[in-house]
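Can you join these two chains into the complex? Each is in its own frame, and there are hints to help.
Protein chains in written order, with our numbering: chain A, -11 to 172; chain B, 3 to 194.
Everything labelled a hint here was simulated from the structure, so no lab data went into it. Fair warning: this is a prediction, and the values are worked out from it, not measured in the lab. A portion of the hints provided could be inaccurate.
Unchecked claim - No farther apart than 20 Å at their CA atoms in a straight line, the calculated lysine to aspartate or glutamate pairs in the DMTMM-like style are these:
1. LYS156(B) <-> ASP21(A)
2. LYS58(A) <-> GLU30(A)
3. LYS104(B) <-> GLU39(A)
4. LYS101(B) <-> GLU95(A)
5. LYS58(A) <-> ASP21(A)
6. LYS56(A) <-> GLU39(A)
7. LYS89(A) <-> GLU44(B)
8. LYS119(A) <-> ASP108(B)
9. LYS104(B) <-> GLU30(A)
10. LYS101(B) <-> ASP29(A)
11. LYS118(A) <-> ASP172(B)
12. LYS18(B) <-> ASP121(A)
13. LYS104(B) <-> GLU28(A)
14. LYS110(B) <-> GLU28(A)
Said to hold, decoys possible - Selected chain B positions facing chain A (in silico; Cβ < 7 Å):
15. ALA64
16. ALA100
17. ASN117
18. PRO176
Note that beta-carbon positions come from the ideal geometry of N, C-alpha and C, so glycine has one too.
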Amino acid sequence: MYLTLFWTFFKIGLFTFGGGYAMIPFIHRFGVDKYQWITEDEFLNIITIAESTPGPIAINSATYIGHKVKGIRGSIAATIGVALPSVIIIILIAAFFMQFKENPHVEYAFKGVRIGVSVLVLNAAIRMYKKLDKHWISYFLIGVGFIILLFHFFSVIYVIMIGGAVGIIYQLLTVRGDTNGNLS
Amino acid sequence: MEIFLKLLELLFTFFKIGLFTFGGGYAMIPLITEEVISKGWETHQTLIDFIAIAESTPGPFAINIATFIGYEQLFIIGAVFTTLGVILPSFIIIVIIAKIFKHFADNKYVVGFLNGAKPVIVGVIFSVGVNFILLNVFSTKKVTLIKDFVFDWKTVTILVSIFLLSKIKDRIHPVVIVLASGVMGYILFGIL
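Same shape as in the complex, but just chain B (with noise of 0.2 Å):
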């Protein structure tokens, strides 16, 4: 019975996260973080490392991720129903479209809707983003006073070498990224 209802809330948490995904996988990484952590199941450090390893691997991104931390949870079926309500949402709603709303995408509704959340969701990202760099690179648990922040030459510097290695190119692929990252953490951090 317990397994049950935690297997309903593995399958309606990520129905949630699928739902309201608008724009790639990026958009997911703030609702994931929310949902995730405020239920305690994963720390922000092993889901920034589920994000790498996310990249990392062939699939969509959503997928990738829903299965880990289903896994994490509950093993293979744990897996299986976080994957199912990652993926309902869009199915569900593909279908239907497929089926009855062919002009979904012109519908001034739609085009509304997605012309104020798109720029939300933007402002949303850029904030995860700055609370991951305020986490890692200054070890601060939230936003709080300045005299918290802990500066790190090693961390500082992997930040400024990965963000320029990043522009180099248009679009860089992330594993170029997540693999120069974890060789230069691993040499500052543990070789010097």
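Okay, chain A solo, but in the shape it has when bound (with noise of 0.2 Å):
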């Protein structure tokens, strides 16, 4: 089970591209379908538990069906599996990256690509921003967020703390009784 568990996740870390959301799918087809570890319900709770705790969320899920399926040992199993292809594959490319690395025509192309690069992180942003309950203290912390950051006032750590203990104020003061937690 324990090797199952492993090579599953293994599977899902070698075969998606492109971050943790394009891994639900195939979680999904995994887990659900195929396996039937977790029912149809737990795994949309794994999907918000993993959006509301931080890490990737690759490695939520994979500890959370690991622990599921065979407790402690099943999570460690499982999240083994889904980090080790990207070491591996990580590790093959930074040994040959450091000799192409001085390669003018190399250089060249990269310097596109951290323009492309720049767009992708401005993109996220953007994508993160339209999910967002637009809400005027959501504004408000976006601004802090930008402003502190651009500037380097001080480090990102203390903005998310001071950005989550402003959220939980707010919480607190305004929302009574009701646990879906949306800003209104």
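Laid out in structure tokens, this is it:
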């Protein structure tokens, strides 16, 4: 069973390009449809938990499903499984990359790639923005995060904690007995 | 002894990064940039190159980038420690939730924290994106004076075309963006 968990998550790690959200359909196919490790409800629950806890969604869901199937050892097997392909592939690339890096042709291409990455990062921010509640506090906090970091006033960690504290205070002041937590 | 301390530092740094990453891979870029550049482990340029490679290879972004930086610092053993560091916070938290705290996502403190933290993270990612553009497109070191900005038609051309390309479809794959901008960079900077 440990081996099935490991191997399944190894495959999930190996075949998902482009980050955590690309993994969700694969996790559903294996975890719910093929092996019935978790129910449809639990699957949705995992996605919610993964979104509300720190860390990569792949690790969160591997740990959760592994734990459900075989306790703590199961979660170790699944988590190592999902991480291992990336570790191996990246070590191989890193070893090669050092040699290619000095090549001027590669440098020209990477000058372009760096601009492409800036666009990717901006688009990620836009995508996350669209999912936020459109509330004046959200806009205010976006501004706070943007300005504090742009001028390096203090560390990202403190910025996140300030945002979290404001959110908790707002929640306690306004939302009573409502647990779905939408700002309104 | 020195290596042991360095490994602990790698582990601890990436533990911190893993602990404060809410909302997927891109949310970790601001913190990685801050930690790794302030420690002098990587430059802005190599970091951005890593992001491009991490986006074009399979697996979770967080693992890719942690492995990369760990390998650059202390080869395979370094990669193992950074990867372990970035995984451990999620692992510990999820095991605790799975064992005792089933209604975690409904807890009012958790909900409140996330409602406040998410917009801040969006602002922070915007800020990093703008910073990357200032660094790469206008060749500035910091946000300083307008007169320090260098306008180069080649970089502006790439920026505008890649941005338009990324808007053609709702979710265009990052690999397409990386490849297209690489080809454009090669043609504009290398051949022209």
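Here's how the hints hold up against the structure:
1. Distance check on the hinted pair: LYS156(B) and ASP21(A) sit about 50 Å apart at the alpha-carbon level, beyond 20 Å; violated.
2. Note on LYS58(A) and GLU30(A): the hinted pairing holds, with a Cα-Cα distance of about 16 Å set against a maximum of 20 Å.
3. At roughly 15 Å between alpha-carbon atoms, LYS104(B) and GLU39(A) fall within 20 Å of each other, so this suggested pair holds.
4. Taken as a hint, the LYS101(B) and GLU95(A) pair is broken in the structure, with Cα atoms around 49 Å apart against an allowance of 20 Å.
5. For the suggested pair LYS58(A) and ASP21(A), the alpha carbons sit about 18 Å apart, so the restraint of at most 20 Å is met.
6. Distance restraint check for LYS56(A) and GLU39(A): the Cα-Cα separation of roughly 18 Å lies within the 20 Å cut-off, and the hinted pair is therefore satisfied.
7. Distance check on the hinted pair: LYS89(A) and GLU44(B) sit about 14 Å apart at the alpha-carbon level, within 20 Å; holds.
8. Proposed proximity of LYS119(A) and ASP108(B) is supported: the alpha carbons are some 19 Å apart, at most 20 Å.
9. Taking the CA atoms of LYS104(B) and GLU30(A), the gap is about 11 Å. The hint holds against a cut of 20 Å.
10. The straight-line distance between the Cα atoms of LYS101(B) and ASP29(A) is roughly 18 Å, inside the 20 Å bound, and the hint therefore holds.
11. Under the criterion of a C-alpha separation no larger than 20 Å, the hint pairing LYS118(A) with ASP172(B) is consistent with the structure, at around 13 Å.
12. A threshold of 20 Å between alpha carbons decides the hint, and for LYS18(B) with ASP121(A) the separation of about 27 Å lies outside it, so the pair is violated.
13. Of the pairs offered as hints, the one joining LYS104(B) and GLU28(A) holds, with about 16 Å between alpha carbons and a cut-off of 20 Å not exceeded.
14. A distance of roughly 25 Å separates the Cα atoms of LYS110(B) and GLU28(A); the hinted pair therefore is violated under the 20 Å criterion.
15. Annotation: interface hint on ALA64(B) holds; nearest CB of chain A at approximately 4 Å, less than 7 Å.
16. Interface restraint check for ALA100(B): the shortest CB-CB distance to chain A comes to about 4 Å, inside 7 Å, so the restraint holds.
17. Look at ASN117(B): its Cβ gets to within about 4 Å of chain A, closer than 7 Å, so that hint holds up.
18. The beta carbon of PRO176(B) is positioned within 7 Å of a beta carbon in chain A (closest approach about 5 Å), and the interface hint is therefore held.
The structure fails to meet hints 1, 4, 12 and 14 from the earlier list, while all remaining hints are met.
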